[in-house]
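As given, the protein sequences belong to chains A and B, one line each in that order.
According to our numbering, the first sequence is numbered sequentially starting from 81.
According to our numbering, the second sequence is numbered sequentially starting from 48.
A couple of the hints might just be wrong.
Chain B side only, calculated, beta carbon under 7 Å to chain A, not exhaustive [stated by the list, open to error]:
#1 Ser-110
#2 Leu-642
#3 Glu-646
#4 Gly-648
#5 Val-654
Because the hints were derived from the structure by calculation, they are not lab data.
The beta-carbon is built from N, C-alpha and C at its ideal position, and this holds for glycine as well.
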Amino acid sequence: MDSTRLLLALAVTLVSLGFVGVMVRRNALVLLMCMELMLNGVILSLVTFAARSATLDGAVLVFLVFVVAAAEIAIAIPIVLLLARQRRTLDVGAWSELKG
Amino acid sequence: MNLLTLVVLLPLAGFVLNGLLGNRLGRGFVSVIGCGLPILAFVAAVRAFMQLDGAAGAALVESAYTWAVVGDFTFDVAFYLDRLSGLMTLIVTGVGSLIHVYSTGYMKDDPGYARYFSYLNLFLFFMLLLVLGRSLLVCFVGWEGVGLASYLLIGFWFEDPAKAAAGKKAFITNRVGDTGFLLGMFLIYHALGTLDFDAVNEAFQGPVPPAVSASLVGVLLFIGATGKSAQIPLHVWLPDAMAGPTPVSALIHAATMVTAGVYLVARLNGLYLQAPEASQLIAVVGVATAFFAATIALVQTDIKKVLAYSTISQLGFMFLALGVGAYGVAVFHVYTHAFFKACLFLGAGSVIHALGGEQDVRRMGGLWRRIPFTFWTFAIATAAIAGLPPLAGFFSKDEILWYAFASERGGSPLLWAVASFTALLTAFYMFRLLILAFLTPSRMAHEVEHHVHESPPSMTAVLVVLAALSAVGGFFHVNVFLEPIMPLPETDHALEHLELPLIVLAVATGLAGLAAAVYLYRGGLERADGLARRYSGAHRLLSGKYYVDELYEAVLGRPLHWVSERVFLDIGDRRLIDGSLHGLAALAQRGAGRLSRIETGSLQFYVWLVVLGAFASLAWVWGHG
Chain A
81 MDSTRLLLAL AVTLVSLGFV GVMVRRNALV LLMCMELMLN GVILSLVTFA ARSATLDGAV
141 LVFLVFVVAA AEIAIAIPIV LLLARQRRTL DVGAWSELKG
Chain B
48 MNLLTLVVLL PLAGFVLNGL LGNRLGRGFV SVIGCGLPIL AFVAAVRAFM QLDGAAGAAL
108 VESAYTWAVV GDFTFDVAFY LDRLSGLMTL IVTGVGSLIH VYSTGYMKDD PGYARYFSYL
168 NLFLFFMLLL VLGRSLLVCF VGWEGVGLAS YLLIGFWFED PAKAAAGKKA FITNRVGDTG
228 FLLGMFLIYH ALGTLDFDAV NEAFQGPVPP AVSASLVGVL LFIGATGKSA QIPLHVWLPD
288 AMAGPTPVSA LIHAATMVTA GVYLVARLNG LYLQAPEASQ LIAVVGVATA FFAATIALVQ
348 TDIKKVLAYS TISQLGFMFL ALGVGAYGVA VFHVYTHAFF KACLFLGAGS VIHALGGEQD
408 VRRMGGLWRR IPFTFWTFAI ATAAIAGLPP LAGFFSKDEI LWYAFASERG GSPLLWAVAS
468 FTALLTAFYM FRLLILAFLT PSRMAHEVEH HVHESPPSMT AVLVVLAALS AVGGFFHVNV
528 FLEPIMPLPE TDHALEHLEL PLIVLAVATG LAGLAAAVYL YRGGLERADG LARRYSGAHR
588 LLSGKYYVDE LYEAVLGRPL HWVSERVFLD IGDRRLIDGS LHGLAALAQR GAGRLSRIET
648 GSLQFYVWLV VLGAFASLAW VWGHG
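Just chain A, same shape as in the assembly:
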């Protein structure tokens, strides 16, 4: 089993773990972490393919994803903090009335 397969398997594992986490957990912080996990799985697959095709496109895309992920977390964490302060809980179910 060569390293490419190994790395791709790892990427799939990461994404699946993250997905399962998002589906079964209700804690907002854990949800965010699981989403990061999925993102990392995707980034890993990107890097793997980039290395295999010996071009820079994949690497550039990876940096783009980093930047977007950082920005997303920078906004998401304060939102979660504010919500938690309001209701004294991190359960996302507590906010379901926001559906409109």
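Given chain A's structure and the hints, the job is docking chain B onto it.
Positioned in the frame of chain A, the structure of chain B alone reads:
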């Protein structure tokens, strides 16, 4: 110097200056511009007329501007001055200038002074465009333009809904006639490829007749003329047009604009000479209009309404002359009518001014001592319109009656008889007006009587000039002057020995009208009221103006209302357009209501949906890859 262009553009400059600056620069400026530029235009018109005389009958043509080039045809804004348009230009600018001067007195205290003069100048501009235009197209622009100016001035006091409605009525009634004008113009262009008056006349007089029925074109253009010149069946707007200021009634609705239809037919005499059926129609409509309008005028009590119906009646006389081929005679009557009718209207304006707005002759009387200038000028003009010699109206009306009797182009004793009877009625109702307003003992309210005053010199001077012209204008025989371009029709030689007796009879008719009016109204209203009570049915019919307005309302107005209310508003607008839009909106709203149910508030469910969507699109791409 392009003299004709100058004549046309001077009033336009007045309109622009007064319209833009008049309210800021004050009344002095408005009066100088508003009267000065028309007077300059009159001077320029006189000079152009002299040049025309020097040119030995050849017409002056000036091309001012190329409007449009379509294929190998160019639409030029060109001006054409021959004896006919020259005479009309002199009437328009001359009488127009006089009425401008009169207006400085009449409208002195009106807050819309600048607006009034700019509209009046705008009217002159369009009227000159109409008269001087070489092609039917330029004439049509002027034709529509004078309609616009007429609308603006009838509704000048637009705060009064009745006056605004009168303006609309005039405008819309004229639109009906304009349809005929446009269709006739299209036919001429289709058949001849030109719209120039001289070319059209030449083509219809040429050896090869054009491939279009002259009578059809003639009737269509005559429909346009009935609109502008208030002939049956489109006469209903002119009496209502008296809602405008009285000088406007004098200038637009008596002396100039309403004669545009006569001018159009006279201008196209080459065409109408080839259209005996159309000419016959014109003669019949003309004499019928003259008669019916005169009968209505017998019982009207509003001084301006009497004059309005008298205008319609006199226009009928002009069309009668046109219909029997005596084009020059019709223009002769246009010319004399411009003087005496302008004088009558301005005199009526002076009376209204003196009485502080009173227009009902039943509440006048005894004015002749109080406002002598107005009385004497009004009396001269009344005698002129009644056809008493040697005043202007006698000459032109007598010529009309003679050609109606003896012309080889459709004259007949019947036309003459109706026209003569109408002349009798004319003399009667005009002297009735004169006697009731000026001579009988006063029936004025005490308050009004106290304030009666003669008008300022700017008004009386104009009255004197116009009365003088009404007195002596007839000695300039326009029909002879115009004979080189508009030959008079042959008359029946067997009838020629009757010409002198007929003149005597015409004079006797006028005197009979005078005598009847004196007999009936000498002592005030009692005798006439008794007569009205005895023939109350006829009196109601006449004061109801034959119920033509009511007939149009029932036949045209109400069905149109019904159709627009029921069909266009209810079905078209409310159901079809509003309904489909509201339906679409409701559909979107209901659909959105259904879809919003899948928003449960559970994040996990949303993620499921996202993942499902992602897989579905992947599968779709796979399948169609």
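For each hint, the structure was consulted:
1. Ser-110: Violated. Min distance 72 Å.
2. Leu-642: Since chain A brings no Cβ nearer than about 12 Å to Leu-642/B, farther than 7 Å, the hint is violated.
3. Glu-646: holds, 5 Å
4. Gly-648: This hint holds: Gly-648/B lies near chain A, its Cβ roughly 3 Å from the closest one there, short of 7 Å.
5. Val-654: holds, 6 Å
In terms of the numbered hints stated before, the structure departs from hints 1 and 2, listed from lowest to highest.
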